[in-house]
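**Student:** Chains as they are written, first to last, in the working numbering: chain S, 1 to 255; chain L, 1 to 252.
Treat the hints as calculated values from the structure; they're not laboratory data.
Positions of the beta carbon are idealized from the N, C-alpha and C atoms, including for glycine.
Treat each hint with caution, since some may be false.
[Said to hold, decoys possible] Non-contacting residues of chain L with respect to chain S, defined by C-beta distances greater than 10 angstroms in every case (computed):
1. 6
2. 18
3. 23
4. 30
5. 33
6. 43
7. 79
8. 118
9. 126
10. 131
11. 152
12. 171
[What the hints assert, rightly or not] Some chain L residues well away from chain S (every beta-carbon gap over 12 angstroms; in silico):
13. 1
14. 2
15. 31
16. 32
17. 71
18. 81
19. 114
20. 117
21. 121
22. 124
23. 127
24. 129
25. 130
26. 192
27. 197
28. 226
[What the hints assert, rightly or not] Heads up, incomplete: computed chain L residues facing chain S, CB under 10 angstroms, no partners named:
29. 12
30. 14
31. 93
32. 123
33. 128
34. 132
35. 133
This is what each chain is made of:
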Amino acid sequence: MSSSTAPPKIRLREIRKAFASKVVLDGVDLAIEEGESLVIIGGSGTGKSVLLKHIIGLMKPDRGTVTVDGTDLSTLGYREITGFRRRFGMAFQEGALFDSMTVAQNIAFPLERARRFDRSAVRKRVDECLGLVRLDGAEEKMPSELSGGMRRRVGFARAIALKPAILLFDEPTSGLDPVMTALLDEVILDLQRTLESTTVTITHDMTSAFRIADRIAMLHRGKIIAIGTPKELKADTDPRLLQFLEGRAEGPLSE
Amino acid sequence: MATLIRLAESFFTEMGRFAMMLWRVLMWTPRPPYDWRQLFQQMQRVGVQSIPVVALTALFTGMVMALQSYRVLVRFSAEGYVGSLVGVSMVRELACVLGALMVAGRCGSAMGAELGTMRVTEQIDALEVLATDPIHYLVVPRVWATALMLPLLIAMADAVGIYGGYVVAVLMMGANPVTYASNSFQFMELNDLTSGLIKAAVFGLLIAVIGCQKGFYTRGGAAGVGRSTTQAVVLGSIAVLIADFFLTKVLF
Chain S
1 MSSSTAPPKI
11 RLREIRKAFA
21 SKVVLDGVDL
31 AIEEGESLVI
41 IGGSGTGKSV
51 LLKHIIGLMK
61 PDRGTVTVDG
71 TDLSTLGYRE
81 ITGFRRRFGM
91 AFQEGALFDS
101 MTVAQNIAFP
111 LERARRFDRS
121 AVRKRVDECL
131 GLVRLDGAEE
141 KMPSELSGGM
151 RRRVGFARAI
161 ALKPAILLFD
171 EPTSGLDPVM
181 TALLDEVILD
191 LQRTLESTTV
201 TITHDMTSAF
211 RIADRIAMLH
221 RGKIIAIGTP
231 KELKADTDPR
241 LLQFLEGRAE
251 GPLSE
Chain L
1 MATLIRLAES
11 FFTEMGRFAM
21 MLWRVLMWTP
31 RPPYDWRQLF
41 QQMQRVGVQS
51 IPVVALTALF
61 TGMVMALQSY
71 RVLVRFSAEG
81 YVGSLVGVSM
91 VRELACVLGA
101 LMVAGRCGSA
111 MGAELGTMRV
121 TEQIDALEVL
131 ATDPIHYLVV
141 PRVWATALML
151 PLLIAMADAV
161 GIYGGYVVAV
171 LMMGANPVTY
181 ASNSFQFMEL
191 NDLTSGLIKA
201 AVFGLLIAVI
211 GCQKGFYTRG
221 GAAGVGRSTT
231 QAVVLGSIAV
241 LIADFFLTKV
251 LF
């Protein structure tokens with residue numbers, strides 16, 4: 001983690017977002033430091049994915065600003081933001097692989113669109129990325145032939161192909177068995193170490209949250225209600241946080 | 001009255017959506033990178049793979065046209081003009097409208113379903129994240145492939161339909177092959193042919209823009225994809241029929 005005097009890599013200020021009359025984000029403030037791994041936890045439907053989509057500019061806030069590397073995303077024109085996104089890599093919930101392409105073509109896609117690499121460089125980078133997610137030899141498979149965990153790992157590989165400075169993971173382990181979850185957590189830690197990227201992960205799996213996080217933030221009713229290192233969070237006495245960490249059905253979250 | 005207002009409202013909503021999508025397609029078309037591979041792939045899917053369906057439609061339409069017009073024309077001893085009637089009606093109207101309806105069912109629905117599935121599985125979001133505009137990458141090649149291929153398909157359908165009429169007239173009605181053939185083209189003008197092909201190009205544009213628009217803005221999982229697919233076919237077909245009237249009025 002960088003020193004606290006450096007400006008944060010990503011800064012969210014007073015983000016508010018509503019769909020029709022339903023308020024999903026209600027004044028989210030968040031500073032993410034360069035190189036740290038932040039995990040955002042919270043119940044289903046609390047707007048975690050919506051928050052992630054704001055960071056990468058897929059959604060625009062009704063109010064508030066998102067600043068990345070000192071640039072306010074709302075000041076970027078449509079074409080500028082498309083280029084700006086090359087700083088990000090995002091892994092989607094179910095992988096979101098292009099199902100008309102092979103695994104290798106999926107991972108090569110961002111490289112080919114960037115138009116900076118010749119064919120052999122693309123080939124080499126695809127192999128590297130597949131190695132990083134421990135899927136050597138799966139190049140010619142189609143997404144439909146892969147298991148859920150493999151599909152997500154290919155999604156990771158595609159997200160890191162351009163060595164982005166910021167990595168976003170949208171529920172990377174939800175619905176997977178514990179062994180696969182542990183493996184994916186290791187892959188995420190590996191990627192973070194080798195790329196030295198700033199990582200934001202969304203999850204409601206507490207085990208993996210504690211495994212990969214430098215800091216954990218809890219989102220509830222559109223606000224960040226707790227943030228801190230795993231140690232600090234374990235010492236926190238907010239009843240809503242306690243209920244979530246202990247996984248009880250009864251408590252303030254259920255009201 | 002309330003239903004009427006709602007009907008008008010949804011009509012103008014659809015018109016607006018169509019115009020927005022068409023505008024975005026036109027804006028993105030001249031911008032590099034030009035994705036020829038996608039364009040050819042779509043031309044293959046829309047054009048080449050639609051040949052059997054469109055040819056079959058045209059063949060039977062031509063055959064039925066010959067049967068029907070023979071029964072009527074024979075009442076005033078004008079059966080010699082069956083060929084002219086079949087030829088002109090195929091080229092001006094039947095081939096392009098029925099062909100376009102088949103393509104709306106075959107390709108408009110496919111576009112609605114494919115883009116809809118890509119939307120609900122976040123593949124369209126993934127494109128955006130990978131610094132690729134999804135309209136540029138997905139919609140532009142589909143729209144131009146359809147607008148280019150439909151006139152070619154219809155030119156083929158014209159020929160097949162006329163041949164169908166010829167087969168029925170000569171084999172079943174005992175018409176003289178030589179007179180029938182010369183009659184077929186006797187009253188046909190170049191304008192008949194070109195107006196049909198121009199209509200086909202416009203229909204292609206309509207079908208693809210509507211199909212892609214429906215797919216692109218799909219919401220709500222598998223049920224949403226189903227809804228988009230249905231709407232792509234229904235609205236695409238209705239658009240073809242309505243546009244046909246106005247184009248015919250303008251072009252003739």
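**Student:** State for each hint whether it applies.
**Tutor:** Status of each hint after checking the structure:
1. 6: Answer for residue 6 of chain L: holds, closest chain S Cβ roughly 19 angstroms.
2. 18: Its Cβ never comes within 10 angstroms of chain S, the nearest being 21 angstroms, so this holds.
3. 23: Fine: 14 angstroms to the nearest Cβ keeps residue 23 of chain L off the interface.
4. 30: holds, 14 angstroms
5. 33: Since the minimum Cβ distance to chain S is about 7 angstroms, residue 33 of chain L lies within 10 angstroms and the statement is violated.
6. 43: holds, 16 angstroms
7. 79: holds, 53 angstroms
8. 118: Non-interface label fails for residue 118 of chain L: nearest chain S Cβ at 8 angstroms, not farther than 10 angstroms.
9. 126: violated, 4 angstroms
10. 131: Non-interface label fails for residue 131 of chain L: nearest chain S Cβ at 5 angstroms, not farther than 10 angstroms.
11. 152: holds, 24 angstroms
12. 171: The claim holds: residue 171 of chain L sits with its nearest Cβ about 45 angstroms from chain S, beyond 10 angstroms.
13. 1: Holds: least Cβ distance 27 angstroms, greater than 12 angstroms.
14. 2: Answer for residue 2 of chain L: holds, closest chain S Cβ roughly 23 angstroms.
15. 31: violated, 9 angstroms
16. 32: Per Cβ check, residue 32 of chain L is inside 12 angstroms of chain S; nearest 10 angstroms; violated.
17. 71: holds, 50 angstroms
18. 81: Label holds. Min Cβ-Cβ 51 angstroms, cutoff 12 angstroms.
19. 114: Answer for residue 114 of chain L: violated, closest chain S Cβ roughly 9 angstroms.
20. 117: Incorrect as stated: the minimum Cβ-Cβ distance to chain S is 8 angstroms, not above 12 angstroms.
21. 121: violated, 6 angstroms
22. 124: violated, 9 angstroms
23. 127: Non-interface label fails for residue 127 of chain L: nearest chain S Cβ at 8 angstroms, not farther than 12 angstroms.
24. 129: At about 5 angstroms from chain S, residue 129 of chain L fails to clear the 12 angstroms cut-off, so the statement is violated.
25. 130: With a cut-off of 12 angstroms, residue 130 of chain L comes too close to chain S, as the shortest Cβ separation is near 5 angstroms.
26. 192: Given that every Cβ of chain S is farther than 12 angstroms from that of residue 192 of chain L, nearest at about 40 angstroms, it holds.
27. 197: Nearest chain S Cβ is 31 angstroms from residue 197 of chain L, so the label holds.
28. 226: Holds, since 18 angstroms exceeds 12 angstroms.
29. 12: violated, 21 angstroms
30. 14: violated, 21 angstroms
31. 93: Given a least distance of 37 angstroms, the restraint on residue 93 of chain L is violated.
32. 123: holds, 5 angstroms
33. 128: holds, 6 angstroms
34. 132: holds, 5 angstroms
35. 133: Constraint on residue 133 of chain L satisfied, holds at 6 angstroms.
Hint compliance for this structure: hints 5, 8, 9, 10, 15, 16, 19, 20, 21, 22, 23, 24, 25, 29, 30 and 31 are not met, and every other hint is.
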